[in-house]
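The hints should help you fit chain B onto chain A, whose structure is shown.
2 protein chains.
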Amino acid sequence: MNTNPRLSGVFSPVITPYTDDRRQTAAMLVRHSRWLLGQDVGLAVFGTNSEANSLAVAERMHLLDALFEAGVPGDRMMPGTGCCALADSVELTRHAVAHGVGGVLMLPPFFYKGVSDDGLFASYAEVIERVADPRLRIYLYHIPQVSQVPISLALIERLLAAYPGVIAGIKDSSGDWANTSAMLERFQPQGFDVFAGSETYLLATMRAGGVGCITATGNVNPGAIARLYRTWQQPDADAQQAELDALRATFMKFPMIPALKAAVAMFSGDAGYAAVRPPLMRLDSQQNTDLLAALRAREFSMPGL
Amino acid sequence: MNTNPRLSGVFSPVITPYTDDRRQTAAMLVRHSRWLLGQDVGLAVFGTNSEANSLAVAERMHLLDALFEAGVPGDRMMPGTGCCALADSVELTRHAVAHGVGGVLMLPPFFYKGVSDDGLFASYAEVIERVADPRLRIYLYHIPQVSQVPISLALIERLLAAYPGVIAGIKDSSGDWANTSAMLERFQPQGFDVFAGSETYLLATMRAGGVGCITATGNVNPGAIARLYRTWQQPDADAQQAELDALRATFMKFPMIPALKAAVAMFSGDAGYAAVRPPLMRLDSQQNTDLLAALRAREFSMPGL
Numbered sequence: 009m010n011t012n013p014r015l016s017g018v019f020s021p022v023i024t025p026y027t028d029d030r031r032q033t034a035a036m037l038v039r040h041s042r043w044l045l046g047q048d049v050g051l052a053v054f055g056t057n058s059e060a061n062s063l064a065v066a067e068r069m070h071l072l073d074a075l076f077e078a079g080v081p082g083d084r085m086m087p088g089t090g091c092c093a094l095a096d097s098v099e100l101t102r103h104a105v106a107h108g109v110g111g112v113l114m115l116p117p118f119f120y121k122g123v124s125d126d127g128l129f130a131s132y133a134e135v136i137e138r139v140a141d142p143r144l145r146i147y148l149y150h151i152p153q154v155s156q157v158p159i160s161l162a163l164i165e166r167l168l169a170a171y172p173g174v175i176a177g178i179k180d181s182s183g184d185w186a187n188t189s190a191m192l193e194r195f196q197p198q199g200f201d202v203f204a205g206s207e208t209y210l211l212a213t214m215r216a217g218g219v220g221c222i223t224a225t226g227n228v229n230p231g232a233i234a235r236l237y238r239t240w241q242q243p244d245a246d247a248q249q250a251e252l253d254a255l256r257a258t259f260m261k262f263p264m265i266p267a268l269k270a271a272v273a274m275f276s277g278d279a280g281y282a283a284v285r286p287p288l289m290r291l292d293s294q295q296n297t298d299l300l301a302a303l304r305a306r307e308f309s310m311p312g313l
Numbered sequence: 009m010n011t012n013p014r015l016s017g018v019f020s021p022v023i024t025p026y027t028d029d030r031r032q033t034a035a036m037l038v039r040h041s042r043w044l045l046g047q048d049v050g051l052a053v054f055g056t057n058s059e060a061n062s063l064a065v066a067e068r069m070h071l072l073d074a075l076f077e078a079g080v081p082g083d084r085m086m087p088g089t090g091c092c093a094l095a096d097s098v099e100l101t102r103h104a105v106a107h108g109v110g111g112v113l114m115l116p117p118f119f120y121k122g123v124s125d126d127g128l129f130a131s132y133a134e135v136i137e138r139v140a141d142p143r144l145r146i147y148l149y150h151i152p153q154v155s156q157v158p159i160s161l162a163l164i165e166r167l168l169a170a171y172p173g174v175i176a177g178i179k180d181s182s183g184d185w186a187n188t189s190a191m192l193e194r195f196q197p198q199g200f201d202v203f204a205g206s207e208t209y210l211l212a213t214m215r216a217g218g219v220g221c222i223t224a225t226g227n228v229n230p231g232a233i234a235r236l237y238r239t240w241q242q243p244d245a246d247a248q249q250a251e252l253d254a255l256r257a258t259f260m261k262f263p264m265i266p267a268l269k270a271a272v273a274m275f276s277g278d279a280g281y282a283a284v285r286p287p288l289m290r291l292d293s294q295q296n297t298d299l300l301a302a303l304r305a306r307e308f309s310m311p312g313l
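So the sequence lines, in the order shown, correspond to chains A and B. Quick note, the first sequence lines up with residues 9 to 313 if you use this note's numbering. Quick note, the second sequence lines up with residues 9 to 313 if you use this note's numbering.
Bound-form chain A, shown alone (with noise of 0.2 Å):
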């Protein structure tokens, strides 16, 4: 059993900063963790605006550690596990639920297009067969428009069938509010926990039933995305999704991780945050003038970052 309180609320897929130097790489990371984390957003480290495929397993593996080593608490820990090759899967699976994760974050192998959901069935099984840990709690990861590999409500219901309580729950990153609505109707009275793949339909989400959200403008915009977790049911609900919805468009305007990452640098005083891994660029000078004076137009900042 997970000894964790099941995962809910607001997690962010952590950018990583990109140094020469492991342990300063490491520091940075911490630093912008212990950041989330003070403003009630759980970090779900490794994801897909973590550049996480733009990380070999031996980093992953010791950018946890070094989290771990920190002090971060495993209860608001959802690292991103899901690989192309199942081995690097187990190992990155194992090596979470050893530190004691809350759950993993799990991308299907998303290397072959069109597979089948027998395929993924097998994908999935196979890693919890090998992993063989009754600690194991996996979050599935819908993000088509990425992976081009999506996960079916029809794969969904086998896999909890064969796997309850290792099957978790979701992230619904499809942005397609049909899709995430039948898996919060059809799943989330199972015990299947459904997390919205950004804070645009948190609220939805939440009158919907689900548990929170899983979203990259949470490294930038933490504190107003868990206020609206956490007063969902007030009268000003509606008005704080409104907010949270024009922050983000302005995001939305750029390259999403260099502007995530451009963002942290500039308000954070340290440039460094700013460095992406290729096949991602860095915004240009004129981008990034931009983005400031976009987000001081909105009077925006990150208080004690």
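Worth double-checking, as some hints may not be accurate.
Note: identical chains are not told apart, hence a pair may lie in one copy or across any two.
Derived SDA-like pairs: lysine to any residue, alpha-carbon spacing no greater than 25 Å straight-line [as the list claims (entries may be wrong)]:
{"no.": "1", "residue 1": "K261", "residue 2": "R290"}
{"no.": "2", "residue 1": "K121", "residue 2": "R290"}
{"no.": "3", "residue 1": "K121", "residue 2": "T258"}
{"no.": "4", "residue 1": "K261", "residue 2": "D292"}
{"no.": "5", "residue 1": "K261", "residue 2": "G127"}
{"no.": "6", "residue 1": "K121", "residue 2": "M260"}
{"no.": "7", "residue 1": "K261", "residue 2": "L313"}
{"no.": "8", "residue 1": "K121", "residue 2": "G183"}
{"no.": "9", "residue 1": "K261", "residue 2": "A250"}
{"no.": "10", "residue 1": "K121", "residue 2": "N296"}
{"no.": "11", "residue 1": "K121", "residue 2": "T208"}
{"no.": "12", "residue 1": "K121", "residue 2": "Q153"}
{"no.": "13", "residue 1": "K121", "residue 2": "Q156"}
{"no.": "14", "residue 1": "K121", "residue 2": "A186"}
It should be emphasised that the hints constitute simulated quantities derived from the structure, not laboratory data.
Showing chain B alone in chain A's frame:
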């Protein structure tokens, strides 16, 4: 300088056997590879049809070591080394180059979609700079229907200008003859060697100045494909092409990778070759029966396997 001759002819993305025993897996890979070499087909190990991305980095290096220990010639070797994480691509490429391969076949990082040519240029550039070995020869791997990350003509032009000699050619698996033809016209005269992505376009590619093909069905029909490569200027070339197309069409009626593995299993007498890794699934027994019947109807054989 890479002292191997420039690569040309027919290569096959060698199917990767999967067993629970590393030595047995390696022995089966060596056995099939030797059979291919004996039919004049080179080894594009760790390609799409090799399930390369279902292998961990260490597994790929172990298998390449085993092939070299078994005495396969470097000048018939074009291993795939392109991963999502550049650190992995660098490690695999260094290892392959140190073994003396004729070239490496390199996917672009394929997790993020819609990335810029700047980002892809930076990806290849970073691998080249970090490998930092004058023996490095890169064949770009254009397979947009799977990777979802195309390699544009503009990107090839930039890479060729920046890294002449290192950027050695391409495998065009797009199935879009207009694209292959444009590359043959614009870049082949500069010594950028164009391989068709399958034997479907072998004759057309040779007639337009290309250097061969890299093809999945090379695993099962190597002799006939290599013969067309050697004799494409003979009067029966179109008839040969038609024969190749007909056999390929038989395999295309099934999921390609499981069908190739099933055929090798059936005709080698070693059922172990049929194993695939999730998310792929092996042929079911009806598909096996149908494939065998279709191959027998064509009087198909794999002499010497």
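Verification of the hints:
In the homo-oligomer, the alpha carbons of K261 and R290 lie at most 25 Å apart inside one protomer (14 Å), although the nearest pairing across protomers, at 45 Å, exceeds that limit. Proximity of K121 to R290 under the C-alpha cut-off of 25 Å is restricted to the inter-copy arrangement: shortest distance 16 Å between copies versus 29 Å within a copy. For a Cα distance limit of 25 Å, the shortest separation of K121 from T258 across copies, 21 Å, qualifies, whereas the shortest one inside one copy, 33 Å, does not. For the homomeric pair K261 and D292, the shortest alpha-carbon distance inside one copy (14 Å) is at most 25 Å, but the shortest distance between copies (48 Å) is not.
Taking the shortest Cα distances, K261 and G127 sit within 25 Å of each other only across copies (19 Å), while inside one copy they are farther apart (37 Å). Taking the closest pair of Cα atoms, K121 and M260 come within 25 Å of each other only across two copies (16 Å); inside a single copy the shortest separation is 27 Å, beyond that limit. Proximity of K261 to L313 under the C-alpha cut-off of 25 Å is restricted to the intra-copy arrangement: shortest distance 23 Å within a copy versus 58 Å between copies. Within a single copy, K121 and G183 get their C-alpha atoms as close as 20 Å, and across copies as close as 16 Å, so both meet the 25 Å cut-off.
Taking the shortest alpha-carbon separations for K261 and A250, only the intra-copy value of 17 Å comes in at or below 25 Å, while the best inter-copy value is 51 Å. With identical chains, the CA atoms of K121 and N296 are at most 25 Å apart between copies only, with a shortest distance of 22 Å across copies and 36 Å within one. Taking the shortest Cα distances, K121 and T208 sit within 25 Å of each other only across copies (22 Å), while inside one copy they are farther apart (28 Å). Taking the closest pair of Cα atoms, K121 and Q153 come within 25 Å of each other both inside a single copy (12 Å) and across two copies (8 Å).
In the homo-oligomer, the alpha carbons of K121 and Q156 lie at most 25 Å apart both inside one protomer (7 Å) and across protomers (9 Å), since each shortest distance falls under that limit. Proximity of K121 and A186 under a CA criterion of 25 Å is satisfied in both settings, with 23 Å inside one chain copy and 24 Å between copies.
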